[in-house]
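Quick mapping for you: the protein sequence lines, in order, are chains A and B.
Quick note on our numbering: the first sequence kicks off at 339 and runs consecutively.
Quick note on our numbering: the second sequence kicks off at 339 and runs consecutively.
What the hints contain is simulated information worked out from the structure, not anything from laboratory work.
When chains are identical, the list treats them as one kind, so a pair holds in a single copy or across two.
Cross-link-like lysine-lysine pairs, in silico, BS3-like; alpha carbons within 25 angstroms at most: (1) Lys366 with Lys450; (2) Lys450 with Lys351; (3) Lys383 with Lys366; (4) Lys573 with Lys351; (5) Lys454 with Lys351; (6) Lys573 with Lys450; (7) Lys573 with Lys366; (8) Lys393 with Lys366; (9) Lys573 with Lys461; (10) Lys351 with Lys366.
All of these numbers come straight from a predicted model, not from anything done at the bench.
Number of protein chains: 2
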Amino acid sequence: MAVYTDIAEDDLKWFLTEYDAGTLLSYKGIAEGVENSNFLLHTSKAPLILTLYEKRVEKSDLPFFLGLMQHLSARGLSCPLPLPRRDGALLGSLSGRPAALISFLEGMWLRKPEAKHCREVGKALAEMHVAGEDFELKRPNALSLDGWRGLWEKSEARADEVEPGLQGEIRNELDFLAAAWPKSLPSGVIHADLFPDNVFFLGDQLSGLIDFYFACNDLLAYDVSICLNAWCFEKDGAYNITKGMAMLEGYQSVRPLSETEIAALPVLARGSALRFFLTRLYDWLTTPEGAMVTKKDPLEYLRKLRFHRQIGSAAEYGLSL
Amino acid sequence: MAVYTDIAEDDLKWFLTEYDAGTLLSYKGIAEGVENSNFLLHTSKAPLILTLYEKRVEKSDLPFFLGLMQHLSARGLSCPLPLPRRDGALLGSLSGRPAALISFLEGMWLRKPEAKHCREVGKALAEMHVAGEDFELKRPNALSLDGWRGLWEKSEARADEVEPGLQGEIRNELDFLAAAWPKSLPSGVIHADLFPDNVFFLGDQLSGLIDFYFACNDLLAYDVSICLNAWCFEKDGAYNITKGMAMLEGYQSVRPLSETEIAALPVLARGSALRFFLTRLYDWLTTPEGAMVTKKDPLEYLRKLRFHRQIGSAAEYGLSL
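Pulled out of the complex, with its shape left as it was, chain A reads as follows (with noise of 0.2 angstroms):
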């Protein structure tokens, strides 16, 4: 959660005056996203997101980013559009910053989710990675096997302090996960964050996935491995091979897993798992006590990793082969 920039109304009226969007009755600073600003408007037409991007979104990349929201709806994914402009633009400034007005979802995310929701998660995963065939910008994943590597090497000296041994450990898998990475597997646009906190439900139907600044190009059966670790863990640390079934099927109803995708899903779930342990634990390790900031464990994701790392194959995920 995070409101890092406050707007003057006059600013923000003035904004507005770009767009085709109503007339401003309310504005409210919201508990959503970590990397930007939010804010929920009602106008006399429709509600509205506001977003300020602030200092860590590469403002290079707002137009993949924006570009990719509004293709995908294009094509039926429900995810937030983008407004444009009179001038057809969807990037403005506001605040000092740049800004985009986006159409609000309904829906709710689902602290709990059961399998029935995982296979939902999965068809959407699915039909995203279909609908972003033929988008034409590309963003390569700076969270990808390079970019692992110099995100440990901030963290390498300090490691020990969060597990004795911890150091080796992860040095030898990514010694193993350079070696073993898959070469030639599908690849496409990855949402590379859907959590449980970006997809949202009306009932149990899926009603839309939002946050899409960590999309990028990689490997398809990758942001599959992705959800399986975001969704298809219990609390305690135990997988939960029914909804991975369901998560696994629902995925498959839409886009087949080809047999070499199927082969690497074991270690694309240990590189998934590295990828969040790794940022977890520089966060752990550089964020000071009190900055009012959750600091999430990064000990579930090694845990996650190690039960990877003893996986034969992919029908241990619940997969139907």
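Dock chain B against chain A, hints included.
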């Protein structure tokens, strides 16, 4: 700004079954209110505010606050209206906290209010004072004379850190106010915190007053003096007599001030300046660095206090006698 408590979707849905509020479509934690956690809900019927009362609010005060909003609203004042549950109660329980569902007020607070807005605020304040006349519950003002003394004792030892000589100055001020404080002015329900962020406008039209969580019984003219302090000084510390005149005219167009109230205004304004100085001083000295809460400069109110000390009569505030 603050959202202290997250709510699980299922808990919220369960909570809403006690109300005739429609189907839940979305809820977002909003950056509004410092003492409580606030959420903006969209339902199939209307937008609503859900407030969870955190520790800093006395649970025994809640019937006063919620009953007051209901009372004022019934008398035509535009303010948030608590929704009764099916059993008639205004207060429920959610995530282990007392919780209320309150109507959503469209409008925005003005970062740069002008004299015409001060006139509207004066008018609305008087309307609130009149509408509150027959409200039956009572709540003494914990932040009046006695309360200031207690608050000061917590900061006194470190006051000279903020400005040398402050200790003596504030002690003298407390003694002066104890002796000079008016005893027999008209009293009633006051808002006690009607700062710009608690008054919503749509265009130049005042659309409502919010945040009644400091409301209490005290001198009505003391509430006027709080508004003079909160609305009629410029950022550079100068008193803007045009704004003061507009505010007092607006107030008196609904409820004329008596001669004794007018005579007491400079003393009351010293009191209200001291009250906000003391709470800000306390927060300044006790809030840890990096706590992501905006600390408000106590010296702003020290300067206002000094200004009021050299006021000869209420005419200097812009009051046409």
